[in-house]
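Turn these sequences into a full structure, and let the hints steer you where they fit.
Next come the chains, spelled out residue by residue.
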Amino acid sequence: MTRWYRYASPGHAYRLAGRLIPWCAVPAAALFVVGLYLGLVVAPTDFQQGDAYRVLFIHVPAAWMGMLLYVLLAIYAGIGWVFHTRVSSMMASSLSITGTMFTAVALITGSLWGRPTWGTWWVWDARTTSTLILLFLYVGFISLQSAIDDPRRADRAAAVLALVGVVNVPIIYFSVQWWNTLHQGATIRVGGETTMAGSMLAPLLIMIAACWLYSVAVVLARLQTLIREREPLVAVTAVVK
Amino acid sequence: MGGYGVYVWGAYALTLTAMGGEVALLMWRRKMLLDTVENAASRAGLGERP
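Protein sequences appear in the order of chains R and Y.
Anchor point for the first sequence: position 219 equals 219 in this note's numbering, and the numbering is continuous, going up by one each time.
All you need for this note's numbering is the position in the second sequence, starting with 1, plus 1000.
Hints in this document: simulated from the structure, not taken from any laboratory.
Note that this is a predicted model, so its numbers are computed, not measured.
Note that beta-carbon positions come from the ideal geometry of N, C-alpha and C, so glycine has one too.
Hints are supplied without guarantee of correctness; some may be wrong.
[To be verified] Which bits of chain R does chain Y cover? Going by a derived footprint, with three or more residues having C-beta under 8 Å, they are: (1) 47–58; (2) 112–121; (3) 150–162; (4) 168–182.
[Claimed, not checked] So the derived list for chain Y, only partly shown, Cβ under 7 Å to chain R, looks like this: (5) T1015; (6) K1031; (7) M1032.
As structure tokens, then:
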């Protein structure tokens, strides 16, 4: 148990992040190349949606990352608030930028898929609206942290917003089941049957793995940057050790 | 492959630009902070460039 507490130390976290970044960044780049090749070259044209469905190879991973990163953000922000661990709050800050990027990408690529498929750029249905609220929550988290000068106070205030906002994630996930929406239901079901051909599922899963590894690498690199920013001496001693 | 249309290519171009931009901004920020850390290191008598 005491070994876990070591990673609450910015010095340990800085060194661990430095070791993990290349192990995530290099496979992420390789998986992106393979996923893009399979998705854009190998995967067949869909008989209903034509080639427009290829947007889903990036839209679905982006939407998943937007939700998952918010859950992680809320967990880290909550731990930082309760246990006053500086690294947890810095992890939450680090996650917020990548989460915002992925949520924005999910909304815009969804719009680019909706135009040829639904015939409209945007509909105010449950899935799209709740995802837009997620984007606002991310922006609110970042804005709140930036608006308060004292980092400890900023972390606490943003943690409250993060924990309140996490209720939106299951709403996004189950919105297609709870309400009658224009957005299609889940294509990949955990523990259920997947309604997608193998030749289309493979690039989708590879792109999801690539986005995961990319997120870990970028979030850890940003964590190192935040440690350098907030506690420069800790960063220096972590490197010199 | 070339005929996927503006929506597909636009989606991929936007995504890769967003991810590339995020990485580029992060690298720039890290580079900017190196000077701060170097200054802190010299103040602490460590003097090593991380």
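Now for the hints, and whether the structure bears them out:
1. 47–58: Since 5 is at least three, the answer is holds.
2. 112–121: With 4 residues closer than 8 Å to chain Y, the region 112–121 of chain R meets the three-residue bar; holds.
3. 150–162: Violated: only 0 residues of the region 150–162 of chain R have a Cβ under 8 Å from chain Y.
4. 168–182: With 0 residues close enough to chain Y, the hint is violated.
5. T1015: With a minimum Cβ separation of about 5 Å from chain R (threshold 7 Å), the hint on T1015(Y) holds.
6. K1031: Because about 10 Å separates K1031(Y) from the closest Cβ in chain R, which is outside the 7 Å limit, the hint is violated.
7. M1032: With a closest approach of 9 Å, the M1032(Y) hint is violated.
When each numbered hint is compared with the structure, violations occur for hints 3, 4, 6 and 7.
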